[in-house]
Structures are given as C-alpha cells and as structure tokens.
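Trainee: These are the residues of each chain, in order.
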Amino acid sequence: AQSVAQPEDQVNVAEGNPLTVKCTYSVSGNPYLFWYVQYPNRGLQFLLKYITGDNLVKGSYGFEAEFNKSQTSFHLKKPSALVSDSALYFCAVRDKGGASKIIFGSGTRLSIRP
Amino acid sequence: NAGVTQTPKFQVLKTGQSMTLQCAQDMNHNSMYWYRQDPGMGLRLIYYSASEGTTDKGEVPNGYNVSRLNKREFSLRLESAAPSQTSVYFCASSEAPAYEQYFGPGTRLTVT
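Residue numbers (the working numbering), protein chains in the order written: chain A, 1 to 114; chain B, 1 to 112.
For the record, the hints were derived by calculation from the structure and aren't laboratory data. Where a beta carbon is used, it is the ideal one built from N, C-alpha and C, also for glycine. There may be inaccurate statements among the hints.
What the hints assert, rightly or not - Derived DSSO-like pairs: lysine-lysine, alpha-carbon spacing no greater than 27 Å straight-line: (1) B/57 / A/101; (2) B/71 / A/101; (3) B/71 / A/49; (4) B/14 / A/49.
What the hints assert, rightly or not - Residues on chain B that point at chain A, a partial pick, calculated with CB under 7 Å: (5) 42; (6) 43; (7) 58; (8) 64; (9) 90; (10) 106.
My request is simple: use the sequences and hints to build the entire structure.
Mentor: Below you can see the structure in the form of structure tokens.
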C-alpha cells in the first residue's frame with residue numbers, strides 16, 4: 001500500500017533564511033509526487049510535481065523539491081523564506097502502476113517570522 | 001473559468017439527517033475526488049472517480065455515497081449524518097489520475 005509521511009508538524013524559519021519541509025513516501029512501484037499549499041480557509045493549491053526526469057523540480061512562488069529515490073524522499077525547499085510563505089504544506093504520492101488514488105501526508109505548518 | 005465549485009459553503013445537520021454536497025468543475029477534467037480534512041489528519045480520500053462512469057472507494061468511504069452525474073459533476077451524499085462526520089470536505093479534479101489536482105473552496109459541515 002502506498003503511504004506518505006511528513007515527520008514535522010511545524011517548521012519555524014526566520015525570513016530570508018532557507019527552508020526545508022520534509023516528505024518521505026512508500027509505494028510499490030515508481031511514484032508520482034506532489035506538493036500543495038493551503039492558506040487559511042482555502043482549498044489546496046498545487047505547487048509542483050515530480051513525474052520523471054530531473055530529480056530537482058521547480059514550482060510556483062520560488063519553491064523547488066528534490067526527488068531522492070534511494071532515500072524515498074521528496075523534500076520541499078526554498079532558498080530564502082518570505083513571511084507570506086507561512087501556510088500549511090502537504091506532500092502527496094501516487095503509485096504509477098497502481099490505482100488512481102493519490103494519498104496525502106498529514107501536513108506541515110510552516111511559520112516564517114519577520 | 002470558475003475552476004472547481006462546491007455548494008454549500010457551510011452546513012449544520014442534526015444526527016440522522018441526510019444531505020448531498022455538490023461539486024462541479026469546468027476544466028473538462030476526467031478525474032474527480034472527495035476528501036475530508038480533520039485537524040492533525042491531513043486530507044483523507046473518501047471516494048474518487050477516475051473517469052466518467054466509474055467510482056471507487058478511498059481510505060474512508062463508510063457512511064458516504066457518491067454519484068458521478070456527468071463529466072462535470074461529482075456529488076457526495078451522507079445518508080444518515082453522524083457527529084464523526086463533522087469535518088471540512090473538499091472536492092478536487094484532475095485531467096487524469098497522474099496529474100495535479102485542482103481543489104474547490106471546501107464545505108464546512110457540522111453534525112450535532
């Protein structure tokens with residue numbers, strides 16, 4: 001069965017510093033991997049995805065994520081955090097060879113202090 | 001282009017009452033999904049429809065039914081609401097299962 005874990009409930013970073021939000025996954029085959037962001041009282045918004053190819057993928061708002069097959073990880077990164085990046089972030093995974101459903105992690109709350 | 005729309009935005013039910021949550025998308029997407037979001041639990045998939053005419057159970061289907069009415073619309077029905085179904089419900093769609101999902105604004109449901 002596929003699963004995804006976000007080991008940190010909350011990440012606190014000072015504005016201007018780099019940030020990392022961690023995600024690890026488990027699938028039986030090759031994965032499709034996604035990151036989404038949720039602002040208060042809103043639905044989720046797509047940030048970026050890994051399907052195949054280059055292990056470093058770039059997405060919206062200056063975010064990027066690195067796919068590491070050996071560590072089964074897909075960590076979200078940004079070189080310089082903004083206060084406006086404060087939100088809830090979700091990692092999601094789908095097994096390429098499996099059923100259509102996508103499984104979401106429990107979410108990580110990112111807080112950027114001025 | 002409205003994207004994914006959901007109605008209603010808020011709803012309060014008494015235990016045992018029934019209701020249907022409506023979802024529509026105008027992006028000509030094939031796949032549609034229903035999730036519930038509870039504090040500390042992230043999003044849990046209730047049902048999904050990979051394409052028009054098909055529906056499948058997700059992680060937490062008990063107490064719910066769905067109908068893929070046509071390519072645009074995917075409704076979620078609670079036949080006999082229970083307090084455990086108090087949650088925020090999100091509908092989403094994607095071009096295909098492998099593609100990114102687009103989410104509606106959510107329905108906040110309270111069952112007393």
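Trainee: State for each hint whether it applies.
Mentor: Status of the hints after comparison with the structure:
no.: 1; hint: B/57 / A/101; in the structure: holds, 9 Å
no.: 2; hint: B/71 / A/101; in the structure: holds, 18 Å
no.: 3; hint: B/71 / A/49; in the structure: holds, 25 Å
no.: 4; hint: B/14 / A/49; in the structure: violated, 41 Å
no.: 5; hint: 42; in the structure: holds, 4 Å
no.: 6; hint: 43; in the structure: holds, 4 Å
no.: 7; hint: 58; in the structure: holds, 6 Å
no.: 8; hint: 64; in the structure: violated, 15 Å
no.: 9; hint: 90; in the structure: holds, 6 Å
no.: 10; hint: 106; in the structure: holds, 6 Å
In summary, the structure is inconsistent with hints 4 and 8 from the numbered list given earlier, while agreeing with the others.
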